[in-house]
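**Student:** Order-wise, the sequence lines are chains A and B.
According to full-length UniProt numbering, the first sequence is numbered sequentially starting from 1.
According to full-length UniProt numbering, the second sequence is numbered sequentially starting from 1.
Think of the hints as simulated: they come from the structure by calculation, not from any bench.
Quick caveat, the model's predicted, so the values are computed rather than measured.
For every residue, glycine included, the Cβ atom is placed at its ideal position computed from N, Cα and C.
One or more hints might be untrue.
[Claimed, not checked] Lysine to any residue pairs mimicking SDA-like chemistry, simulated, CA-CA at most 20 angstroms apart:
#: 1; chain 1: B; residue 1: Lys-39; chain 2: A; residue 2: Ile-71
#: 2; chain 1: A; residue 1: Lys-94; chain 2: B; residue 2: Ile-71
#: 3; chain 1: A; residue 1: Lys-39; chain 2: B; residue 2: Ile-85
#: 4; chain 1: A; residue 1: Lys-70; chain 2: B; residue 2: Ser-73
#: 5; chain 1: B; residue 1: Lys-16; chain 2: A; residue 2: Lys-82
#: 6; chain 1: B; residue 1: Lys-70; chain 2: A; residue 2: Arg-43
#: 7; chain 1: A; residue 1: Lys-94; chain 2: B; residue 2: Lys-70
#: 8; chain 1: A; residue 1: Lys-39; chain 2: B; residue 2: Arg-58
#: 9; chain 1: B; residue 1: Lys-39; chain 2: A; residue 2: Thr-87
#: 10; chain 1: A; residue 1: Lys-82; chain 2: B; residue 2: Arg-58
#: 11; chain 1: B; residue 1: Lys-95; chain 2: A; residue 2: Lys-35
#: 12; chain 1: A; residue 1: Lys-61; chain 2: B; residue 2: Arg-83
#: 13; chain 1: A; residue 1: Lys-35; chain 2: B; residue 2: Lys-70
#: 14; chain 1: A; residue 1: Lys-70; chain 2: B; residue 2: Glu-63
#: 15; chain 1: A; residue 1: Lys-39; chain 2: B; residue 2: Arg-83
#: 16; chain 1: B; residue 1: Lys-39; chain 2: A; residue 2: Lys-35
#: 17; chain 1: A; residue 1: Lys-70; chain 2: B; residue 2: Gly-42
#: 18; chain 1: B; residue 1: Lys-39; chain 2: A; residue 2: Ser-10
#: 19; chain 1: A; residue 1: Lys-61; chain 2: B; residue 2: Ile-71
[Unchecked claim] Ranges of calculated distance between the beta carbons of each label pair, as one might list FRET restraints:
#: 20; chain 1: A; residue 1: Arg-83; chain 2: B; residue 2: Glu-89; range: 22 to 28 angstroms
#: 21; chain 1: A; residue 1: Lys-95; chain 2: B; residue 2: Lys-34; range: 18 to 24 angstroms
#: 22; chain 1: B; residue 1: Lys-16; chain 2: A; residue 2: Lys-16; range: 41 to 47 angstroms
#: 23; chain 1: A; residue 1: Leu-12; chain 2: B; residue 2: Ser-57; range: 18 to 24 angstroms
#: 24; chain 1: A; residue 1: Lys-34; chain 2: B; residue 2: Asn-15; range: 37 to 43 angstroms
#: 25; chain 1: A; residue 1: Gly-79; chain 2: B; residue 2: Lys-81; range: 23 to 29 angstroms
[Stated by the list, open to error] Covered stretches of chain B, as calculated for chain A (at least 3 residues, CB under 8 angstroms):
#: 26; stretch: 13 to 24
#: 27; stretch: 33 to 39
Now for the letters of each chain:
Protein chains: 2
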Amino acid sequence: MNKMSVTEGSVLVGNKSVMNYVLAAVIQFNQGAKKVLIKARGRAISRAVDVAEIVRSRFLKGEVDVSSIKIGSETVGEGDKKRTISTIEILLEKKQ
Amino acid sequence: MNKMSVTEGSVLVGNKSVMNYVLAAVIQFNQGAKKVLIKARGRAISRAVDVAEIVRSRFLKGEVDVSSIKIGSETVGEGDKKRTISTIEILLEKKQ
Chain A
1 MNKMSVTEGS
11 VLVGNKSVMN
21 YVLAAVIQFN
31 QGAKKVLIKA
41 RGRAISRAVD
51 VAEIVRSRFL
61 KGEVDVSSIK
71 IGSETVGEGD
81 KKRTISTIEI
91 LLEKKQ
Chain B
1 MNKMSVTEGS
11 VLVGNKSVMN
21 YVLAAVIQFN
31 QGAKKVLIKA
41 RGRAISRAVD
51 VAEIVRSRFL
61 KGEVDVSSIK
71 IGSETVGEGD
81 KKRTISTIEI
91 LLEKKQ
């Protein structure tokens, strides 16, 4: 593993339980990541916010902050099934 | 209605359909609000992001931007039923 891949991590939040993603993020910080991007689409957005809040206020309390939050839209599917879903990206960053 | 109450509005997103909250926000902008705060807790967070995205990219395209997004936690319930839920606040602002 080179240094670049270690300093920035990401977690794509899906339909598993919140704790899966919390642990994935905590492990990445413990392995040396300075930033971890928590990403989600559609209904998993609420869960992504839970993940960020639990990491920040419980597991790595005082060590990690939310440094930016972005929302956006993506088009999924084709033809008649084409629809727009919302996305979120929450950047967690280790305090200096 | 005095000037203060007109320039900043808010919409609390719950379990109704997305379009209810989209229209509530659009109406507030049309009545002269410069900013509308989209708030939600728990599972409604995904819906709040949908509301912000639909207002920004469809109904008031080019007129309104997301100016800040905050996430947090709140404790609800009492005694054994006490639990922590996540919150989101998305500030939509009219472009100058």
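**Student:** Does each hint hold? Answer for all of them.
**Tutor:** Hints versus structure:
1. About 14 angstroms separates the Cα atoms of Lys-39 (chain B) and Ile-71 (chain A), which keeps this hinted pair within 20 angstroms; it holds.
2. Among the hinted pairs, Lys-94 (chain A) with Ile-71 (chain B) is consistent with the structure: their alpha-carbon atoms are about 17 angstroms apart, no more than 20 angstroms.
3. This hinted pair checks out: Lys-39 (chain A) and Ile-85 (chain B) have alpha carbons roughly 19 angstroms apart, not beyond 20 angstroms.
4. Our distance criterion of 20 angstroms between C-alpha atoms is met by Lys-70 (chain A) and Ser-73 (chain B), whose separation comes to about 18 angstroms.
5. The suggested pairing of Lys-16 (chain B) with Lys-82 (chain A) is violated, with an alpha-carbon distance near 23 angstroms, which exceeds 20 angstroms.
6. The suggested pairing of Lys-70 (chain B) with Arg-43 (chain A) holds, with an alpha-carbon distance near 18 angstroms, which does not exceed 20 angstroms.
7. Pair hint Lys-94 (chain A) plus Lys-70 (chain B) holds up; C-alpha atoms about 18 angstroms apart against a cutoff of 20 angstroms.
8. A distance of roughly 23 angstroms separates the Cα atoms of Lys-39 (chain A) and Arg-58 (chain B); the hinted pair therefore is violated under the 20 angstroms criterion.
9. This hinted pair checks out: Lys-39 (chain B) and Thr-87 (chain A) have alpha carbons roughly 17 angstroms apart, not beyond 20 angstroms.
10. Proposed proximity of Lys-82 (chain A) and Arg-58 (chain B) is supported: the alpha carbons are some 16 angstroms apart, at most 20 angstroms.
11. For the hint linking Lys-95 (chain B) to Lys-35 (chain A), the alpha-carbon distance of about 31 angstroms lies beyond 20 angstroms, and the restraint is violated.
12. Of the pairs offered as hints, the one joining Lys-61 (chain A) and Arg-83 (chain B) holds, with about 18 angstroms between alpha carbons and a cut-off of 20 angstroms not exceeded.
13. Note on Lys-35 (chain A) and Lys-70 (chain B): the hinted pairing holds, with a Cα-Cα distance of about 18 angstroms set against a maximum of 20 angstroms.
14. Between Lys-70 (chain A) and Glu-63 (chain B), the direct Cα distance comes to roughly 19 angstroms. Compliance with the 20 angstroms bound is thereby established for this hinted pair.
15. For the hint linking Lys-39 (chain A) to Arg-83 (chain B), the alpha-carbon distance of about 24 angstroms lies beyond 20 angstroms, and the restraint is violated.
16. Between Lys-39 (chain B) and Lys-35 (chain A), the direct Cα distance comes to roughly 27 angstroms. Violation of the 20 angstroms bound is thereby established for this hinted pair.
17. At most 20 angstroms may separate the alpha-carbon atoms for a hinted pair to count; Lys-70 (chain A) and Gly-42 (chain B) meet this at roughly 18 angstroms.
18. A threshold of 20 angstroms between alpha carbons decides the hint, and for Lys-39 (chain B) with Ser-10 (chain A) the separation of about 26 angstroms lies outside it, so the pair is violated.
19. Only pairs whose Cα atoms come within 20 angstroms are accepted, and Lys-61 (chain A) paired with Ile-71 (chain B) is accepted, the gap being roughly 15 angstroms.
20. Checked against the hint of 22 to 28 angstroms, the pair Arg-83 (chain A) and Glu-89 (chain B) passes, with Cβ atoms roughly 26 angstroms apart.
21. Between Lys-95 (chain A) and Lys-34 (chain B), the C-beta spacing of about 34 angstroms breaks the proposed range 18 to 24 angstroms.
22. Against the hinted window of 41 to 47 angstroms, the Cβ-Cβ separation of Lys-16 (chain B) and Lys-16 (chain A) comes to about 28 angstroms, which falls outside the hint.
23. Distance hint for Leu-12 (chain A) and Ser-57 (chain B): a CB-CB separation of about 23 angstroms, consistent with the stated range 18 to 24 angstroms.
24. Distance hint check for Lys-34 (chain A) and Asn-15 (chain B): the Cβ-Cβ separation is about 39 angstroms, which falls inside the suggested range of 37 to 43 angstroms.
25. Between Gly-79 (chain A) and Lys-81 (chain B) the beta carbons are some 47 angstroms apart, a value that contradicts the proposed interval 23 to 29 angstroms.
26. Beta-carbon proximity to chain A at under 8 angstroms applies to 0 residues in the stretch 13 to 24 of chain B; the threshold of 3 is not reached and the given coverage is violated.
27. By the rule of at least three residues with a Cβ nearer than 8 angstroms to a Cβ of chain A, the coverage given for the stretch 33 to 39 of chain B is violated, with 0 such residues.
Hint violations for this structure: numbers 5, 8, 11, 15, 16, 18, 21, 22, 25, 26 and 27, all remaining hints satisfied.
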